[in-house]
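We have chain G; now place chains Z, X and A onto it with these hints.
Protein chains: 4
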Amino acid sequence: MTDLPLSAAQTILDATLTEARRLNLKPLALVVLDGRGAVKAAVAEDGTSLKRFEVAHGKAYGALALGIGSRAIGKRAVEQPTFVAAVSHVVGGALVPVPGGVLARAGDGQVVAAIGVSGDTSDNDEACAKAGIEAAGLTADTG
Amino acid sequence: MTDLPLSAAQTILDATLTEARRLNLKPLALVVLDGRGAVKAAVAEDGTSLKRFEVAHGKAYGALALGIGSRAIGKRAVEQPTFVAAVSHVVGGALVPVPGGVLARAGDGQVVAAIGVSGDTSDNDEACAKAGIEAAGLTADTG
Amino acid sequence: MTDLPLSAAQTILDATLTEARRLNLKPLALVVLDGRGAVKAAVAEDGTSLKRFEVAHGKAYGALALGIGSRAIGKRAVEQPTFVAAVSHVVGGALVPVPGGVLARAGDGQVVAAIGVSGDTSDNDEACAKAGIEAAGLTADTG
Amino acid sequence: MTDLPLSAAQTILDATLTEARRLNLKPLALVVLDGRGAVKAAVAEDGTSLKRFEVAHGKAYGALALGIGSRAIGKRAVEQPTFVAAVSHVVGGALVPVPGGVLARAGDGQVVAAIGVSGDTSDNDEACAKAGIEAAGLTADTG
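Protein chains in written order, with our numbering: chain G, 13 to 155; chain Z, 13 to 155; chain X, 13 to 155; chain A, 13 to 155.
These aren't lab readings, by the way, just hints derived from the structure by calculation. It is possible that part of the hints are untrue.
Straight-line distance between alpha carbons at most 27 Å, and here's what the computed DSS-like set of lysine-lysine pairs gives [what the hints assert, rightly or not]:
hint, chain 1, residue 1, chain 2, residue 2
1, A, 87, A, 63
2, Z, 87, G, 38
3, Z, 38, G, 87
4, A, 63, A, 38
5, Z, 38, Z, 63
6, A, 38, A, 87
7, Z, 63, Z, 87
8, G, 38, G, 87
9, X, 87, X, 38
10, Z, 38, Z, 87
11, A, 87, X, 87
12, X, 38, A, 63
On a predicted model such as this, the values are computed, not experimentally measured, just so you know.
Only chain G is shown next, with the shape it has when bound in the complex (with noise of 0.2 Å):
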């Protein structure tokens, strides 16, 4: 696994932020998960609710779980929702299964970082994360 620098974590963050309020977008909470899940950066935009880095971390790390992005997972829960449960309750809890975790690979398609984006509806979510991984030279697979 390449390593993701905290640099590289922190223009994903701030192009992402920038995305949002170019959008006009609620307030968000992102994370940056690097490629064993652990967080490598997060921010809550003030005003986001309780919970928000949370949701936005569970759909990063589900995506990291299954190495497919949250949107392919939210399409996967519809077709067979048992597996998607279970899953969630094999990872802890830590799987959310709507658009905005967004895996990032490298040029040789390594995945090397997740990141999680929730505050707004999961189609801009997305979209800001994608917006946030291109930004740092990397390619967005939102699944």
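Below, chains Z, X and A alone, put in the same frame as chain G:
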């Protein structure tokens, strides 16, 4: 976040119970959480079932977690059951997606508390919560 | 089990708070559990820390769980720490082995409630709980 | 409770990291929680071990839970190990009783945030947290 004083929480509880007795509802459990999700005040009327407090708590806590009244969480649970199940897991189970978990907003729109009520129909539970919040001069946001 | 009416629970809370203010203690969280371990009434004074309710609850719940006041559980924790750790696990964490969790017994000796208090020193917490229980005409069993 | 704005949380993180690099410490994980216990901002320097974020989080969360810095919780853990183990259980495990979890108080004494730092010695972790809090014009309460 403005602090919710205990005196205001007690006003909310008293007015909620008064409304419940006026409507001759079944015995209720009620809980007021402050903006941090901490229990500020709670009562269970005589005759409530074993886990009424936990149900009332889950309505209020879920509302704070996502920043919307539990009625709106219930609507989302119909559209996206796995999302709501996942968030329930994320918050440790304390999320009950039916009406009766109502946010209390101050004049500037900020959430300063949430009240959860359980024991009668969800609509009746919510009506009492709303009456309680308004008696304290706050705005009820049912979702 | 004799039921503890809400009116008695409120008498306990009011008298506990009156004693706390007379002694000029730090802000307290208090909870009255009925004989089933259900929350009957609770309040948190202004200025309590984030998890004071949970600590007060764990004192009361542990007392009910083992049928002895939390002071006695604390003594046992010194003699047999692994026993108390194991029971804590068995009850899902809701056991705090220091004074302040006091059983309320009716005239026939039956346990009808437990009160948990947290916020000042454990000895002061317990003194207030005792005053509250006696104000309701019940016998306090501190362990 | 006064809200901690994101800009203040970022000032705390930046100043904490600056102090850590000035002292040439091992790689740190840092987290700023707001008064609700919600993650407001976090970073992990390059080279931190797998669960450094969780350790830092537990220092800060424990401090908020009990309303005292994690240094004081550590002293209590020596005197009353079962009490601290029990509270750790009560708060879902998020309590790490060594220095490095520091409360940030506003001018009126109210707790507006807690910062947790982990990665070097606990004393060094705490020194950085203190520098970060003071850079934001708040008062550090180490316990």
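Hint-by-hint comparison with the structure:
1. Between residue 87(A) and residue 63(A) the alpha-carbon distance is near 24 Å, which keeps this suggested pair within the 27 Å criterion.
2. Restraint check: the Cα-Cα separation between residue 87(Z) and residue 38(G) comes to about 20 Å, which is no more than 27 Å; the hinted pair holds.
3. Among the hinted pairs, residue 38(Z) with residue 87(G) is inconsistent with the structure: their alpha-carbon atoms are about 41 Å apart, more than 27 Å.
4. A C-alpha spacing of about 15 Å is found between residue 63(A) and residue 38(A), which places the hinted pair at or below 27 Å, so the restraint holds.
5. Of the supplied pair hints, the one linking residue 38(Z) and residue 63(Z) holds, its CA atoms being roughly 15 Å apart against a limit of 27 Å.
6. Between residue 38(A) and residue 87(A) the CA atoms are separated by roughly 25 Å; this keeps the pair inside 27 Å, and the hint holds.
7. Simply put, residue 63(Z) and residue 87(Z) have alpha-carbon atoms about 24 Å apart, close enough for the 27 Å limit, and the pair holds.
8. With a C-alpha separation of about 25 Å, the suggested pairing of residue 38(G) with residue 87(G) holds against the 27 Å cut-off.
9. Annotation: proposed proximity of residue 87(X) to residue 38(X) holds, straight-line Cα distance about 25 Å (limit 27 Å).
10. Distance hint between residue 38(Z) and residue 87(Z) is fulfilled; the C-alpha atoms sit about 25 Å from each other, no more than 27 Å.
11. With a C-alpha separation of about 19 Å, the suggested pair residue 87(A) and residue 87(X) falls inside the 27 Å cut-off, and the hint holds.
12. Pair hint residue 38(X) plus residue 63(A) does not hold up; C-alpha atoms about 35 Å apart against a cutoff of 27 Å.
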